[in-house]
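Engineer: Dock chain Z against the given chain L, drawing on the hints supplied.
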Amino acid sequence: AQKVTQAQTEISVVEKEDVTLDCVYETRDTTYYLFWYKQPPSGELVFLIRRNSFDEQNEISGRYSWNFQKSTSSFNFTITASQVVDSAVYFCALIDNYGQNFVFGPGTRLSVLP
Amino acid sequence: NAGVTQTPKFRILKIGQSMTLQCAQDMNHNYMYWYRQDPGMGLKLIYYSVGAGITDKGEVPNGYNVSRSTTEDFPLRLELAAPSQTSVYFCASRDGQRPYNSPLHFGNGTRLTVT
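Residue numbers (the numbering used here), protein chains in the order written: chain L, 38 to 151; chain Z, 3 to 117.
Isolated chain L, as found in the complex:
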């Protein structure tokens, strides 16, 4: 069975601090796909990034970066120089090679204080 763990329930940082959100996953598939979603206080779910299991290159998009390590089954998300607008719940998710069922982690609530 597949599983996604986000051990950090809540994180609080002060604006301009860097913060890393952890995601650890379990799957028996050799091909799978990982995702991060953001849920701001307004409630909608926003897709941030997708990563294929066969592509271990890290990715940077502005202040956001993602570190995918197959050896430790982790797909961590770092926000550099955090801003108040980054305050949200962040979900990590996994889908297997059959592509039917998305499995979400429990989410990490990030509060960025001014």
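A couple of the hints might just be wrong.
What the hints assert, rightly or not - Computed spacing ranges between beta-carbons, pair by pair: (1) Z:Q99 - L:R65: 17 to 27 Å; (2) Z:P63 - L:S79: 25 to 35 Å; (3) L:K107 - Z:P10: 40 to 50 Å; (4) Z:N30 - L:T117: 32 to 42 Å.
These are computed hints drawn from the structure, not numbers from a lab.
Just so it is clear, CB atoms sit at the ideal spot from N, CA and C, and this is done for glycine as well.
Structural biologist: Relative to the frame of chain L, chain Z by itself:
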């Protein structure tokens, strides 16, 4: 492009009432999903569909029914509403074609309260 549209946005039901949450997408996605999100919690899969006429149970299907008569629509039916069904309901869709890495596109949610 409207994406995924959910109606209504809010609803209050009395215990034992029934209702249908509507979900429509205009992206020609074959896969559609219903999730519920309880306050302060993550997303739990209720039902999903991989195409018209095909539905399957997720993690928490009890108390709900779905149908998928067209590619565009995926309504969720609540029969005999209970307080435990108080939640925010999200509908989502995605392109289920290979290589299976299409992200979920979510609607804005329906906030349901059962009292």
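Engineer: Determine for every hint whether it applies to the structure shown.
Structural biologist: Status of each hint after checking the structure:
no., hint, in the structure
1, Z:Q99 - L:R65: 17 to 27 Å, "23 Å, holds"
2, Z:P63 - L:S79: 25 to 35 Å, "28 Å, holds"
3, L:K107 - Z:P10: 40 to 50 Å, "43 Å, holds"
4, Z:N30 - L:T117: 32 to 42 Å, "37 Å, holds"
Checked against the numbered hints given earlier, this structure breaks none of them.
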